[in-house]
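Chains L and P, in that order, give the protein sequences. Counting from 1, position 56 in the first sequence corresponds to residue 56 in the numbering used here; the numbering is continuous, with no gaps. Counting from 1, position 76 in the second sequence corresponds to residue 190 in the numbering used here; the numbering is continuous, with no gaps.
If you're looking for bench data, these hints aren't it; they were derived computationally from the structure. The structure displayed is predicted, hence computed values, not measured ones. For glycine and all other residues, C-beta sits at the position ideal for the given N, C-alpha and C. Treat the hints with care, as some may be off.
[To be verified] A short, non-exhaustive set of chain L residues, derived as facing chain P with CB atoms under 8 Å:
hint	residue
1	R22
2	Y39
3	P40
4	G43
5	L44
6	L46
7	L48
8	Y50
9	R95
10	I102
11	F104
[What the hints assert, rightly or not] Computed footprint of chain L on chain P; a stretch qualifies when at least three of its residues, placed anywhere within it, have a C-beta under 8 Å from a C-beta of chain L:
hint	stretch
12	145–156
13	160–172
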Amino acid sequence: AQSVTQLDSQVPVFEEAPVELRCNYSSSVSVYLFWYVQYPNQGLQLLLKYLSGSTLVKGINGFEAEFNKSQTSFHLRKPSVHISDTAEYFCAVTRAWRDDKIIFGKGTRLHILP
Amino acid sequence: ETGVTQSPTHLIKTRGQQVTLRCSSQSGHNTVSWYQQALGQGPQFIFQYYREEENGRGNFPPRFSGLQFPNYSSELNVNALELDDSALYLCASSWTSGSSYNEQFFGPGTRLTVL
Numbered sequence: 001a002q003s004v005t006q007l008d009s010q011v012p013v014f015e016e017a018p019v020e021l022r023c024n025y026s027s028s029v030s031v032y033l034f035w036y037v038q039y040p041n042q043g044l045q046l047l048l049k050y051l052s053g054s055t056l057v058k059g060i061n062g063f064e065a066e067f068n069k070s071q072t073s074f075h076l077r078k079p080s081v082h083i084s085d086t087a088e089y090f091c092a093v094t095r096a097w098r099d100d101k102i103i104f105g106k107g108t109r110l111h112i113l114p
Numbered sequence: 115e116t117g118v119t120q121s122p123t124h125l126i127k128t129r130g131q132q133v134t135l136r137c138s139s140q141s142g143h144n145t146v147s148w149y150q151q152a153l154g155q156g157p158q159f160i161f162q163y164y165r166e167e168e169n170g171r172g173n174f175p176p177r178f179s180g181l182q183f184p185n186y187s188s189e190l191n192v193n194a195l196e197l198d199d200s201a202l203y204l205c206a207s208s209w210t211s212g213s214s215y216n217e218q219f220f221g222p223g224t225r226l227t228v229l
């Protein structure tokens, strides 16, 4: 079975400062990794995904994440945040080569301070 | 191209009642997945339908059931509602093909409140 742990439930950060949201996963089989964003009262939007290849993946809105197999981590980063980045961020995993369930972490709420 | 839509947006029911939530898949998609997102939690997988057949189920009791129609729209039915069923219900559609990965596109959700 797969599981995802998001280490911080809330992260406050000043506008234009860098941010890192931490994610660790557990799986005995190959997985795909994802970060989703959920703005207030909305559904989920895919920020970025790691399927294979380069361990540094770039997504929308200036976000990037690095897959670290030895650390079983997939941390999300942005060099300079904006007030519009205020949202809930979910790390997620699914078994590679399978079109079935996505397993989500509990989420990290990103608070942008003026 | 029309995205994933869900109806209704909000719904209030009382304990013991039954509810039906609806999802219209993105054009051309043949697979739909349903997720339950309780307040302050990440989404949890309920089940998935592929070409009108259930194709995987999460840890939810049988009173959670679903249907997928020939036009690939879908319903989630919940019988004998309990207070803990209060949540945001998300559906996601995708095109299942021979490739290794098929992105799931999420709808805006239906907020169910059980009193």
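### Message
Using the nearest Cβ pair, does R22/L come within less than 8 Å of chain P?
### Response
Because about 15 Å separates R22/L from the closest Cβ in chain P, which is outside the 8 Å limit, the hint is violated.
#### Entry: Interface hint outcome for G43/L [beta carbon to chain P under 8 Å]
Result: holds, 4 Å to nearest chain P Cβ.
#### Entry: Restraint satisfaction for L44/L [CB to CB of chain P, less than 8 Å]
Cβ of L44/L sits 4 Å from chain P, so the hint holds.
### Task
Mind checking the CB of F104/L against every CB in chain P and telling me if the closest is under 8 Å?
3 Å, holds
### Task
Could you check if R95/L really has its C-beta closer than 8 Å to a C-beta on chain P?
11 Å, violated
### Task
With chain P as the partner, please determine if I102/L meets the hint condition of a C-beta pair closer than 8 Å.
7 Å, holds
### Message
The hint names Y39/L as touching chain P; please verify it with the least Cβ-Cβ distance against 8 Å.
### Response
Cβ of Y39/L sits 10 Å from chain P, so the hint is violated.
### Query
How about L46/L: closest beta carbon in chain P under 8 Å, or not?
7 Å, holds
### Task
Verify the interface restraint on P40/L: the C-beta must sit less than 8 Å from at least one C-beta of chain P.
Nearest chain P Cβ about 12 Å off; hint violated.
### Query
Holds or violated: is there a CB of chain P closer than 8 Å to the CB of L48/L?
12 Å, violated
### Coverage of the stretch 145–156 of chain P by chain L (three or more Cβ within 8 Å)
Per the Cβ count (6), the hint holds.
### Query
Would the hint on Y50/L stand, with a C-beta cut-off of 8 Å toward chain P?
At about 10 Å, which exceeds the 8 Å cut-off, the nearest Cβ of chain P leaves the hint on Y50/L violated.
Checked against the numbered hints listed earlier, the structure breaks hints 1, 2, 3, 7, 8, 9; every other hint is satisfied.
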